[in-house]
Each structure stands twice: as structure tokens, then as C-alpha cells.
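Since chain Y is already given, all that's left is putting chain Z on it; use the hints.
Take a look at the letters that make up each chain.
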Amino acid sequence: MTGGAERYRIALVLLLLVLLHFVARPWLGDSRGSPDFLLLALMWYAIRARPGSAAIAGFVVGLIGDALTQEAFGAGILAHTVIGYVLAWGKAVFFPENLLVNAGFFLVGAWVRDLLFLLADGHLSIAAMAWQLVSWSLVKAVTTAVAGIVVVLVFRRWLEVRTAT
Amino acid sequence: MPLAAGVRQFLLAPLLELQHRAEQIRSSRADFATVVAERDSSMLAAALLETLQRENERLRAIVGLRSRLPVHHVAGEVLHQARPTGEFTLLITIGGNNGVRPWAPVIGPGGLVGHIQTVDGKTAVAVTWAHPEFRASATGLDGALAGVVEPRTGEGPNLTLALRYVPYLVEVPFGTMIYTSGLGGVYPRGIPIGRVLDVVEEQEGWSRTYLVEPAVPLTAVSHVLILLSEVPDLSDVFASPGP
Chain Y
1 MTGGAERYRI
11 ALVLLLLVLL
21 HFVARPWLGD
31 SRGSPDFLLL
41 ALMWYAIRAR
51 PGSAAIAGFV
61 VGLIGDALTQ
71 EAFGAGILAH
81 TVIGYVLAWG
91 KAVFFPENLL
101 VNAGFFLVGA
111 WVRDLLFLLA
121 DGHLSIAAMA
131 WQLVSWSLVK
141 AVTTAVAGIV
151 VVLVFRRWLE
161 VRTAT
Chain Z
1 MPLAAGVRQF
11 LLAPLLELQH
21 RAEQIRSSRA
31 DFATVVAERD
41 SSMLAAALLE
51 TLQRENERLR
61 AIVGLRSRLP
71 VHHVAGEVLH
81 QARPTGEFTL
91 LITIGGNNGV
101 RPWAPVIGPG
111 GLVGHIQTVD
121 GKTAVAVTWA
131 HPEFRASATG
141 LDGALAGVVE
151 PRTGEGPNLT
161 LALRYVPYLV
171 EVPFGTMIYT
181 SGLGGVYPRG
191 IPIGRVLDVV
201 EEQEGWSRTY
211 LVEPAVPLTA
221 VSHVLILLSE
231 VPDLSDVFAS
241 PGP
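If you read the protein sequences in the order shown, they are chains Y and Z. Each residue of the first sequence is one higher than the one before, starting from 1 at the first, in my numbering. Each residue of the second sequence is one higher than the one before, starting from 1 at the first, in my numbering.
With the rest of the complex left out, here is chain Y (with noise of 0.2 Å):
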């Protein structure tokens, strides 16, 4: 994957994201709308990994989720474990070291998340469904992805990642 001094980096930023997600994410208003940021460690992991680890990683931040929720058990997991696997297989299609397809990737498997958990956890009706995945988790598929924009442009030089559009 990655050189061994940027595996360490790597895993810095991974740390930091998870710790604003318990720290920061009271701050930021309606939680309904802001940005997941273990979600957002998850995909930067996904695009800098092989599927299968990127996969596991999935399942650890899902079962973290529903852990602290119980709103259908294994949701999660399951929602997680796809986009980590499939973002990771992704990176073999698309770019991931370039600011905007790192935006398209934060926007739509911040949403593709949502989708994939309302789905198994099935107490929504589908209008229900239909109305949160058009509202609160398009809200929250921008908030994570401009959140996950900040983070590349603040360490870019030191991930070498290239922002050029």
C-alpha cells in the first residue's frame, strides 16, 4: 500500500478523525446533518487499502455504531463493511489522489451508507425511507464530504496527495 513512514501518517490522520468524532461532533450542531467523521476514516482507509482489509475495517466502525445505538443490530456492520469493501475496489477504477474524485468518493459513500443501513434495518416505511435519504442524509453526505476536503487539503503535502482538479 504504502511506504512505512506514511503508514504512520496514515494512521495519525485515522486517529485524529476518530477522536473528532467523539470530540468534535457535539459542536457541530444537529447531528442529524454533521459529519460522520468514523465514516469518513473508514473511506480514507478504503481508498488507501486492499479490499479485504478495507472490508474489515468496515465491520469494526460498524459494530462501534451499532454498539452505541441498538437501532437494528448488524445494520451497520453490514452497510459499512460494503462501502469499505467497495470503495477499496473503487480506488482500481477511479483516482483517488485527486481532490475532487476524493469529494465524489466522501459524498456518495457517506449516502450509499445511509442507504444501505435504512435498507437493513427496515423500520422505515419507504416514503419514510425516501424522505430521510433526500433530506438529512444528503445534508450529511455534504457536511463529510467538505469535512473529509478539509482534512486532504490540510495534510496534503504531508500525504502527498494531489489536489490538483
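Do not rely on the hints blindly, as some may be mistaken.
Stated by the list, open to error - In silico negatives: residues of chain Y with every beta carbon more than 10 Å from chain Z:
(1) F73
(2) G90
(3) G104
Said to hold, decoys possible - These stretches of chain Y come out as covered by chain Z in the derived footprint (C-beta under 8 Å, 3 or more residues):
(4) 8-21
(5) 57-70
Because the hints were derived from the structure by calculation, they are not lab data. Note that CB positions come from ideal geometry on N, CA and C, so glycine has one too.
The following block gives chain Z in isolation, referenced to the frame of chain Y:
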């Protein structure tokens, strides 16, 4: 679920503690430090006793409660989670070590939040009024109307409630505040649920369904009170907003 409880108690304990601290700081800045102060160290409480008492009274006024509930209760912080169904359940920072037990009623600023579903040593998970399986028997302040409140989804991005099975001959004026009736054995009588906004469905000659604006918007809840002892009626605790 043992796996979830294990993950929360061991793997996530430091992270939840971090989130807990962040919530504490944010709460202080928003002048909602009273409930936090209840669990602060005795040194801080002694140093700031007068200030804390004033803040305590202010917060209790904000949440629509009297300065003291007539029942044994504990206060906890809500840790909001980043899930699309995050309002269905709330993670609360107090648990069995504080006397919290399953089915204990949970109240927030202005009224009913839900009830406790599962309890660990330091955390508890509450099912809220937004959960699709939530139901509560409801009535007016004078007991004239009766119905069942349930979440209403699929009509917009924001969650509302529906008051169902109200007898057709009983007309409920818009703006009427509805309360828990005490039937069912989970919630005491007299906890505000919400305010009637409109009629959304009529079964000619049989019953009406009303749209209800929840008394407690879940995304704005930072602290809740959990009732630990049984009490038949809390009508006197909540100020009557009336229509």
C-alpha cells in the same frame, strides 16, 4: 445484547468518555451546565454553590419542570450518534450504577422523551418517541380525550407524532397540549407529549387522527431526567401551557 454491551463497556469506553467531556464543555457554554453540575466534583460544587443553584433553577425552568421533581430521579447527558435513525434511540451517560433500570421513563426539556431500553453499568439506551414501535396512551389535561400517540413518518424530513383513535365526537382544539394518561404502566400520568396541530385523518363517524408537534425535539436534547421511582401522576410538575 451482550456483544454490544461488551463493545460499549470496554472497547468504546475511552472514546465515549471523550465524547462525554466534549458534551460537558459544550453544555457549559450554552448555559446548560446545571445538570452537569449535579455530577461535578464536590469541590467545584462547594466553590460555586450559589451560582450552581441559580443555574439549576434556570435549567429546570427551561425544561419546564419544577425546581424538584417529587420522585427520585437522575440526570444524564445524551450522546447523539451519527446514524440515519439516530433519533430512534439515545445513548445516555448514566446507567445501572446510578440506579437506572429498563422501562424507566425518560423526560427532557418540556416533556416525554421515551423510556430506557437497555442498561449497562455506566450507560443506558433509551427508546424515544420517534421509534417506530413507540406507543403511549394520551389524554388532555382534563382527561376528556383519549387516544394513542405514535410516531408519524414519511410525511417530511422532520419527525412528528400522530394522536390516533380519538373518538369522532370528541373534537380536540388545535393547540391543545396532550399528556401521558398513565395507562399502560410505563409512563406516569401528566407528562407532556406534544401539541395538537391539525387533523390528518378522519374515519367518518368513528375516530380522528391528529397531527401532534412533539414537546421535546430530540435533536435539541442534550440532557434528560430518568425517573427512578414509581409515581402515579406528574400533572402538577409540568406547568400547564394550555391552548
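Self-check item: Hints the structure fails to honour
Solution: Structure breaks hint 1 only.
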